[in-house]
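Participant: If you want the building blocks of each chain, they are given just below.
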Amino acid sequence: DAGITQSPRHKVTETGTPVTLRCHQTENHRYMYWYRQDPGHGLRLIHYSYGVKDTDKGEVSDGYSVSRSKTEDFLLTLESATSSQTSVYFCASQEGLGTYNYGYTFGSGTRLTVV
Amino acid sequence: DQQVKQNSPSLSVQEGRISILNCDYTNSMFDYFLWYKKYPAEGPTFLISISSIKDKNEDGRFTVFLNKSAKHLSLHIVPSQPGDSAVYFCAAKGVNDMRFGAGTRLTVKP
Chain P
76 DAGITQSPRH KVTETGTPVT LRCHQTENHR YMYWYRQDPG HGLRLIHYSY GVKDTDKGEV
136 SDGYSVSRSK TEDFLLTLES ATSSQTSVYF CASQEGLGTY NYGYTFGSGT RLTVV
Chain R
15 DQQVKQNSPS LSVQEGRISI LNCDYTNSMF DYFLWYKKYP AEGPTFLISI SSIKDKNEDG
75 RFTVFLNKSA KHLSLHIVPS QPGDSAVYFC AAKGVNDMRF GAGTRLTVKP
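The listed protein sequences correspond, in order, to chains P and R.
In this note's numbering, each residue carries its 1-based index in the first sequence increased by 75.
In this note's numbering, each residue carries its 1-based index in the second sequence increased by 14.
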């Protein structure tokens with residue numbers, strides 16, 4: 076009954092290849108987010124979505140694209156993977172901006188290694 | 015441009031004592047502040063939040079204090095338990111997103 080599932084959980088890929096990470100939520104949340112976690116930086120926002128087909132850039136969006144064709148699915152694509160994109164990627168969702176505590180629901184993360 | 019800073023990468027406390035985790039922010043437009051807890055190989059989980067119009071919010075053993083004039087918030091855990099050992103992230107809500115600090119690893123020793 077996990078609210079958010081991310082796939083794959085681990086991936087090793089070669090420099091220059093495209094990679095797609097998947098996020099699936101069963102909460103019917105409107106808002107979805109992709110973050111990356113790196114030592115010393117915490118969680119940094121890559122892209123977010125405020126509805127089907129509605130997406131926008133976060134603070135570290137270069138080299139990434141996203142798509143949201145259904146409420147429950149939010150895809151993150153690394154167009155041409157580089158070693159600097161080695162990271163742990165987290166997907167999150169939120170019911171709405173009026174949610175009283177504004178807490179996000181996070182997935183368990185995808186550990187991506189670019190070699 | 016780190017708008018949310020947690021200057022202590024780690025903190026170690028004895029079981030039963032108080033844990034105090036600190037966070038500073040630079041953007042006065044943040045209107046909501048949150049703390050998340052993260053165990054290894056799991057995603058962060060929401061712990062407690064506070065609106066910018068308040069200076070304290072309490073939930074069981076967890077209390078968050080906000081000092082707007084100093085742009086500082088803190089999380090107090092009393093009493094600390096070994097199960098509280100985790101990485102704690104401070105976060106601040108802006109207009110369209112949430113900014114996170116780098117995290118503080120709390121270790122509670124039995």
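Hints were generated in silico from the structure; no laboratory data involved.
Just so it is clear, CB atoms sit at the ideal spot from N, CA and C, and this is done for glycine as well.
Be a bit skeptical, because a hint or two may be false.
Think about it this way: if two alpha-carbon atoms lie no more than 20 Å apart in a straight line, the pair counts; the simulated DMTMM-like pairs of lysine to aspartate or glutamate are [as the list claims (entries may be wrong)]:
{"no.": "1", "chain 1": "P", "residue 1": "K86", "chain 2": "P", "residue 2": "E102"}
{"no.": "2", "chain 1": "R", "residue 1": "K19", "chain 2": "R", "residue 2": "D111"}
{"no.": "3", "chain 1": "R", "residue 1": "K51", "chain 2": "P", "residue 2": "D131"}
{"no.": "4", "chain 1": "P", "residue 1": "K132", "chain 2": "R", "residue 2": "D111"}
{"no.": "5", "chain 1": "R", "residue 1": "K19", "chain 2": "P", "residue 2": "D148"}
From chain R, some residues computed to sit far from chain P (all C-beta separations above 10 Å) [stated by the list, open to error]:
{"no.": "6", "residue": "Q28"}
{"no.": "7", "residue": "R31"}
{"no.": "8", "residue": "I32"}
{"no.": "9", "residue": "I34"}
{"no.": "10", "residue": "D38"}
{"no.": "11", "residue": "T40"}
{"no.": "12", "residue": "S42"}
{"no.": "13", "residue": "M43"}
{"no.": "14", "residue": "T59"}
{"no.": "15", "residue": "F60"}
{"no.": "16", "residue": "S63"}
{"no.": "17", "residue": "K70"}
{"no.": "18", "residue": "F79"}
{"no.": "19", "residue": "K82"}
{"no.": "20", "residue": "Q95"}
Under 10 Å between C-beta atoms, here's a sample of chain P residues computed to sit facing chain R [claimed, not checked]:
{"no.": "21", "residue": "P83"}
{"no.": "22", "residue": "R119"}
{"no.": "23", "residue": "G138"}
{"no.": "24", "residue": "T180"}
Participant: State for each hint whether it applies.
Facilitator: Right, here's what the structure says about each hint:
no.: 1; hint: P:K86 to P:E102; result: 26 Å, violated
no.: 2; hint: R:K19 to R:D111; result: 16 Å, holds
no.: 3; hint: R:K51 to P:D131; result: 27 Å, violated
no.: 4; hint: P:K132 to R:D111; result: 10 Å, holds
no.: 5; hint: R:K19 to P:D148; result: 32 Å, violated
no.: 6; hint: Q28; result: 27 Å, holds
no.: 7; hint: R31; result: 26 Å, holds
no.: 8; hint: I32; result: 24 Å, holds
no.: 9; hint: I34; result: 19 Å, holds
no.: 10; hint: D38; result: 13 Å, holds
no.: 11; hint: T40; result: 14 Å, holds
no.: 12; hint: S42; result: 18 Å, holds
no.: 13; hint: M43; result: 15 Å, holds
no.: 14; hint: T59; result: 7 Å, violated
no.: 15; hint: F60; result: 3 Å, violated
no.: 16; hint: S63; result: 5 Å, violated
no.: 17; hint: K70; result: 15 Å, holds
no.: 18; hint: F79; result: 17 Å, holds
no.: 19; hint: K82; result: 17 Å, holds
no.: 20; hint: Q95; result: 22 Å, holds
no.: 21; hint: P83; result: 14 Å, violated
no.: 22; hint: R119; result: 7 Å, holds
no.: 23; hint: G138; result: 18 Å, violated
no.: 24; hint: T180; result: 8 Å, holds
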